[in-house]
Amino acid sequence: MAEAQSRVVQLPASLAAARAERQAAESRQPAPATDEQLLRRLRSGQIDALEQIYDRYSTLVYSVALRVLHDQGLAEDMTQEVFVRLWRRPRLYDPSRGRFVSWLMSVTRNRAIDEQRRRSRRLREEGGDSEVVQAVPSTDRFDDPSAVAALSDERAAVRAAVEQLPPTQRRVIELAYFAGMTQAEIAAETSTPIGTVKTRVRLAMRKLRDALEQTRPPPVSEVSRSRP
Amino acid sequence: MRPQEREELLAAYALDALSGPEADEVEALVAGDPEAAEQLAAYREIADLIGLEAPLRRTDPALRERMLQSAQRMRPTPTRRFPALRVAAVAAALAVLAIGVSWGVGLQRSIDTLQQESASLAAIVAADTQRIDVIETERVGSGGDEAVRTDVQGEIDTHRRIIAILADPNVQEASLESTEAGRGASGRYLWSAELGAGVVIAQQLPPLPIGTVYELWLIEGFDEVSGGTFVPTPDGDAQVLIELDFEFNPFSVAITPAPVGGAEVMPQPIVLSGWVP
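Chain order of the listed sequences is A and B. Going by the working numbering, the first sequence opens with residue 1, and the numbers climb by one from there. Going by the working numbering, the second sequence opens with residue 1001, and the numbers climb by one from there.
Derived from the structure by calculation, the hints contain no laboratory data. Wrong hints could be hidden among the right ones.
[As the list claims (entries may be wrong)] Derived, one-sided and incomplete: chain B residues facing chain A with beta-carbon distance under 7 Å:
1) E1007
2) E1008
3) A1011
4) L1015
5) A1017
6) L1052
7) L1063
8) P1269
9) I1270
Backbone N, C-alpha and C define an ideal beta-carbon position, used for all residues, glycine too.
Make a model of the complete structure from these sequences and hints.
This is the structure:
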């Protein structure tokens, strides 16, 4: 039997020097611009700010749109529309209403739901089956974590909080948020009494609130029904 | 209302899961109940985070290019507006500031006259410049309302810019012709390549329906870029300063009625249009 050997491998001097140089260079890199800084530059018409915002959030925007629309082409169109619209009218985002990422998700979700409703209406008018939106199972199989590193902790917390919900409560949340259904529509869709749906929504939202207490962004000062 | 019922409404409202009458009920509730408003705000924050639960999907790299190309074609910034109604407001402000100057002389002349009197244009511009200096000097000493002064300064800047365009000996000019919808209207489009700015001067635009404004459009191929909205004088006259900070070579210009705030795409009917040389 061969004798076990233990060897400490030294980093060659040339590699150590290169690594030190790389680390020094990295430490000289400026900190990434904040959303607020990028939005200020966007308002003054700097296209590179749009590129950075796109690089930071396009995966998220596309994923929300895809989750609502279940159509890759439509989700791409929606993603493009959201960012071009932001470019054309950057003042649509009002910082007093909350964080930029929340606003962006809200805009994407609302526009995607509008598109989904138009599509469903068209299908009904054309005599086809009214499209029933199914909740997509949560999975990280195709995730691209590097694209939203800044949000990874928050996202993990949200996913964990949602996954901890009982399946019936999770479903009402998903149908409301991703399918844009009212409680009455959820009741019809799931063949559940409306009172039960209301209770499930309340319990689910309360559990999410409790679970995400530490993750929540700063309070939003204004309360308004109108979504961006 | 029982606390449980109230919480049900607030939680569902935050998710946009209420029908119209129920939503109205919540709005009435939070309007008169700060505690309910606070509770709703907390639920809103939660609802806004739910999108993070969506499984992430990588976007097609080509989408980035498409989006950027589309964005680069669609943004005229900063767009400056020079509606004549505001000129009247500024003139009133100047009167308040005890400046007995009538300004915008060059703008009151038709472009045709200015072109014909090119020899005297420099003198007009010089005179206007002197007047602006007087306005600025007296404005600084006036201690007037800051908002008014800022407004005046903005108009002075715009005025200077338009004068500079008119004074450009290489200014390109296009005549804008009225359509059936804009019968009686006329206009000129002048572009100074050197300044990267232009001005549209329109006259006798038809009266607008309530709740609408006019919008200027620059057209290149299939791309339409808004040059901003404006409201003409009661006589239908207006001047609109255009400044682009990106590469865009319009081959035609059009003016259409539009909703306040501007239209997403160029609406119909066109009232004035012309080819750019």
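Each hint tested on the structure:
1. E1007: Holds: closest Cβ of chain A sits about 5 Å from E1007 of chain B, inside 7 Å.
2. E1008: holds, 5 Å
3. A1011: holds, 4 Å
4. L1015: holds, 4 Å
5. A1017: Given a least distance of 4 Å, the restraint on A1017 of chain B holds.
6. L1052: holds, 4 Å
7. L1063: holds, 5 Å
8. P1269: violated, 24 Å
9. I1270: violated, 21 Å
Hint compliance for this structure: hints 8 and 9 are not met, and every other hint is.
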